[in-house]
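Taken in order, the sequence shown gives residues 30 to 124; the numbers are from the working numbering.
Calculated from the structure, these hints are not laboratory results.
Small disclaimer: the values here were computed from a predicted structure and weren't measured.
All C-beta atoms, glycine included, are put in the ideal place defined by N, C-alpha and C.
Treat the hints loosely; a few may be bogus.
Estimated spans, in silico, between C-beta atoms of each pair [as the list claims (entries may be wrong)]:
1) Phe53 with Gln124: 40 to 48 Å
2) Arg98 with Ala57: 38 to 46 Å
3) Ile109 with Arg51: 23 to 31 Å
4) Arg51 with Pro121: 40 to 48 Å
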Amino acid sequence: MADFEKQHSPDHSGNNNGVNRRHFVHTAGAASAAAILPKAKGAPLVRTAKAAGMQVNYGFIGPGSRGFRLLKRHLQHIEIGNCVGICDIYQPNLQ
Numbered sequence: 030m031a032d033f034e035k036q037h038s039p040d041h042s043g044n045n046n047g048v049n050r051r052h053f054v055h056t057a058g059a060a061s062a063a064a065i066l067p068k069a070k071g072a073p074l075v076r077t078a079k080a081a082g083m084q085v086n087y088g089f090i091g092p093g094s095r096g097f098r099l100l101k102r103h104l105q106h107i108e109i110g111n112c113v114g115i116c117d118i119y120q121p122n123l124q
């Protein structure tokens, strides 16, 4: 009975390969951040586009009132994009 309890306790899954839930979540989070990072670094390069055909279409999904004001303030300095849509469940945020 003691072996069964040891194998099925929260700390010992029976696999004993050194991977626990905390380690898995940490590794998955780091992998997600690493996948997003190259895209985030490439975003400022969009500002250097010269040709008219290099327009960027973008949209906002649920930015809320503070998020929309912040994005609007920063997007005033980017001249190569077109806002093609805004989605928010709270109607006054769309005004």
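Check: Does the Cβ distance between arginine 51 and proline 121 fall inside 40 to 48 Å?
Finding: With Cβ atoms ~41 Å apart, the hint holds.
Margin query: Holds or violated: the 23 to 31 Å window for the beta-carbon distance between isoleucine 109 and arginine 51?
Written below: 43 Å, violated
Notebook entry, point to check: Regarding arginine 98 and alanine 57, is the given constraint of 38 to 46 Å on their beta-carbon distance met?
Noted result: 33 Å, violated
Check: Is 40 to 48 Å a correct range for the gap between the Cβ atoms of phenylalanine 53 and glutamine 124?
Finding: 44 Å, holds
Violated hints, in rising order: 2, 3; the structure is consistent with all others.
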